[in-house]
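J.: Residues per chain, in single letters:
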Amino acid sequence: MSGTIALSAAKLSAGYGQKVVVSGIELTVRPGEVLTLIGPNGAGKSTVLKTIAAQLSPVSGTIWVNGTDLCKMKPDQAARHISALFTQQIRTDRMTCADVAGTGRYPYTGRLGILSAQDREIVTQAMALTGVSDLADRDFSCISDGQRQCVMLARAIAQQPEILILDEPATFLDISRKLMLLTLVRSLARQRNIAVIQSLHEIDLAQKFSDRVLCVSGGQAQRCGTPEEVFQSSYITDLYGITDGSYDALLGTAEAAGVKGEPEVFVIGGGGSGIPVYRQLQRQGIPFAAGVIHENDIDFPVASALAAVLVTEKAFEPVSAEAVSRAKEIIRTCKRVICCPESFGTMNQRCAELAEMVNYPAR
Amino acid sequence: MGKKRLIRRVAGFSLLAVLSAVFLVLGLVCGSGNLTVREVLAVLTGQSGDIIAIRIVWDIRLPRVLAALILGGGLSVSGYLLQSFFGNPIAGPFVLGISSGAKLAVAVAMIFSLQSGIMLRSAALVGASFAGSLVSTGLILLLSGKVRSMARLIIGGVMIGYICSALTEIAVAFADDANIVNLHNWSMGSFSGINRQDIAIMTAVTAPACALAFLMSKPISAYQLGESYARNMGVSLKPFRVALILLSSLLSACVTAFAGPVSFVGVAVPHLMRTLFGTCAPIIIIPASFIGGGTFCMACDLLARSLFSPMELSISTVTALFGAPVVVWVMLRKQSERG
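Here the protein sequences line up with chains A and B, keeping their order.
With this note's numbering as the guide, the letters of the first sequence map in order to residues 6 to 368.
With this note's numbering as the guide, the letters of the second sequence map in order to residues 20 to 358.
Extracted from the complex, chain B is given alone in its bound form (with noise of 0.2 Å):
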């Protein structure tokens, strides 16, 4: 047995590093003005003298995949420690309104700074967004009561996003004419205009947080078996519980002040991930949710901006298009273990 897993988990994480690689190096090469793989190492190894081409991998095109890696494996692992904590394959960021809640915290800021003629620095909007995300956390916390119920949480996580994207409408609707599309473009969701500054300062909170959270594998598994037992186990269930809350939302605070709310992410990634690799254990799921989110980032990031290229599209739309068929296949799978 020992054997047989070794190698499933030894061929996943493999599999799992070709392919963020060959994403990584697509979202490089690919775009308008295609660049070939020599040219990008050129740049990269600070070997090539093509200006344009050093401005478009440098400032645009690396920060972006960069973005699409970090984020979307953030994203991810915030997923995992919601449905551990919920205990609810289907929870996730987006599912349950927390994304959204940090984005109306975040559009309320950036209105309220711009028409004050203040330029918010970005860790500021992360700040807004953790605080946002905190709030939605909390009221689904009221919601799912102590009834474990799927249905309940879900449906109070959507109605949660669905409030929070209204009142973001409506304050869309107040702001200043000149920010509206700037502002209407991120509330869609975007990997597009992150500079490298905003990358060290997601780096800063992601890595942490995904550290933190892969610290905390043991009382995760445990808690997989609930409550009592992990209470049995050793487990100190309280500030455990608030652990799992807090990264989670800062995590996904995090991907909404940079990159507006991405469905689906948090929920299809971790369960993809529990498929390939044939287990829960959160050791194994929370570094493959990592890389798996980012590389389904960046692959789904790559169609959005080049499917009808020179049209982009949000990156929601695709991450739902390849994520929600995923949630619709774990309802189901849930559905027949129960029938």
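Same shape as in the complex, but just chain A (with noise of 0.2 Å):
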């Protein structure tokens, strides 16, 4: 099975025309796997699924389809291998979630495209997998745009497809259902060995449902990896221009700009305490410091985004003297001190010398 492709493309350009709006692409998709592409607006991710979905010619370049050129397969024929799901609402006139997911049978039935009981069988299967049973006998257009597009699902499942594409599947999803969603395509994958291609925008879930994420960006297919290989702070950071705050690769965070300036707050952090207060802080646009802050504690990824300055320590080492005075230098010119961690320990004893500072501040 490792040996087989579900779908590759070599020097591919895809557009509209003979306009190119991202080219340079290089993919393999084997069954079984998840491919998410990344990027930011307008990069062109859906003009690349719309081409490798057959919507679009490629503008040149080869997408090769089980072995076969998709350009040279006949809709019909394409139909049975390849289904998608697009993030183009759709408007339709008295037809019930039923009828839209049966339509996915399209490919399988007779000249006049009536279902079989095995075919409605099929869509009912597809309607459970997706949580959309209920609304079978529900007017397509009375229903919420999350719901519609987990009937659109079902209907892309119907259509039994070896290659599944997926643009923008979580949009207009709540968060368990986003969830639900991607674990939904993530077993579908496994399960029926299907090759999945899909977009999100939520990059913190792309890491942890692709097995291989590409980047795509600035009309060029950019890094193709495994999520480790891709999402590293720097590199996402530059993916998406990010200006206004950071994203933390590791974690999938992402936190607002900190506020420059003198500090006029200083946290005394730890083990989390300090999170929500530097959140706070920067929400009220108020300049702050943090510290003693190891460079392993949780705190550390949001205080480095978000404090004026920072008091660190190295991993594991105990709070040393040095940082200690540091930081009580750095009260000194604070208005306020607040401490966070109800009780120290071992490793941060000495930041109780700076907790003692809370109750008279340097003015």
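Heads up, a few of these hints could be off.
[What the hints assert, rightly or not] Interface residues of chain B toward chain A, partial, derived using beta-carbon atoms under 8 Å:
hint: 1; residue: K237
hint: 2; residue: G245
hint: 3; residue: R293
hint: 4; residue: L295
Quick caveat, the hints were computed from the structure, so don't treat them as lab data.
Built from N, CA and C at the ideal position, the CB exists for glycine as well.
Dock the two chains into a complex; use the hints.
T.: As structure tokens, this is what we get:
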């Protein structure tokens, strides 16, 4: 199985007509694998997906589906290999959700498109998988956007594809449904050996639910690799051109930009107790200093993103006297000291000295 | 669910069958010189000796009723195809100016042929009408562009309709006096004056076109989810779209060639059928539109000739009276859906 390739693209340029939107795309997706496209708005992720889904002809290059050139496949033949979920909303007139999901059986029905009992069973199963069984008889135009997304996914699943293309499938969904949908896509890929190619704006989720990630930016396909290879904070910051804040790729959290300036408040943190206070001060626009934080403390990434001044200590080392005296100097210039931890332990014993300064700030 | 739907479909088609039978009979019975149902039956089964009754039924009323049935059906199917094509519930051959384009082409063909002393056969008129409707459809396609704006499409269609009607009036003004009355009647729309040969020709055009439309139910249903999904389901878009346009133009051209422009049937009937059957599935709505459109036109024609008898109203007057409110209803419904 490891030898088979569901879909591959070589030297592919995707775009409209002769106008190239994204070039330099090299892809291989194996059955059972989830490949996620990430990149800023307007980078051309959708264009790439539309091209792979045979909606657009490649400007140049070739897409191979199970060893056949996609451009040379007839539409009805391609439909048995590839099904898709697009971002564009559809308007229907008097169609129930089961009707809409049932259109996924199109490539398999006869001349008049009448669903057989077996087709209906497949549709019912697909709707059960995406959790929309109870909507079967409801009018498709009278349900929520999120529900519609799940019905359209059921439609794509009912098409029984080898390659499933999802353009921002998690859009419109609440966090619980986002997780449900991505988990479902993951397990579908594994159980039915479907190759999934999707685009996601939720990069924190992309990191957790993808086997491989392809970055698209500036009209070029950029890095392609495992989430571990791609998700490095500096790279993600560059990829999206983040200026107003920061993204921690290890934890998958975004922070607003820290408030610059002379610190007005000193926050004694540690063990996660500092994070809520850092964020509160940031929201209020108050520049603050934080310390003394170990470099392996959970407070560390947030503090380094938000604090104007940060006093740190090396991981696994007790807080040193030098660090404490540096912190004390900063405290003398602050109007206020906030002590977050309820108690101190062996490694940050010296921070207790700082805590004593809570009651008499310098001025 | 399956059972409920089935019952609704059976009930819907039964209702249509009964209504069409009722108006078919009424169409044969009513008119100047009322005949009884028994007399009509006697004529149809060849057991009547009343020559006047035989002439009335076979030469006048039966062709007229059949024309209303066939052309009304074809017009409704044409409207449904256009609505599917444009993804717009108030598209139709009259609203989009396609009927008017066909009317202009037929009027010009008639005037030229009459002036050169040739009597055009109805098949040639269907041809001219088809050419005219294709030109109008082409203009509409250009106007609608890639933007699927409902208002833009309809306004464009109405304008094309006005321009074509104006040109037709001008053409009629240049025609020989003797032919004006005839042309004028026809250009207002009427099912009168249709003979049995015409019936044969319109059947030969409408029946295969409607059958083909029915066979396209599957791609039409896919197309209802939009182009992207239709493509993803395996519809070859280009040939499909060409086929839709050709069929709908041919059907409305056939109607215009024989009965002149008939307004609003193409919009109103498919909508009434969607409401009656609670679905937009083409496999149901195409046959339902045919029967429903035929029935609607038979009923309207009956009113047109009997309301102010012996004076006849033009068929469009009556169809507009019943059809236009349906269009308004659809527009209001769409508005409330969005708001």
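J.: Just to be careful: measuring from the Cβ of R293(B) to every Cβ in chain A, is the smallest value less than 8 Å?
T.: 6 Å, holds
J.: Would the stated hint for G245(B) survive a check requiring a Cβ distance to chain A of less than 8 Å?
T.: Holds, about 5 Å.
J.: Interface hint check: K237(B), Cβ to nearest Cβ on chain A, cutoff 8 Å. Holds or violated?
T.: Holds, because the Cβ-Cβ distance from K237(B) to chain A comes to roughly 3 Å (cut-off 8 Å).
J.: Regarding the hint that L295(B) lies at the interface with chain A, is the smallest CB-CB distance below 8 Å?
T.: 11 Å, violated
When each numbered hint is compared with the structure, a violation occurs for hint 4 only.
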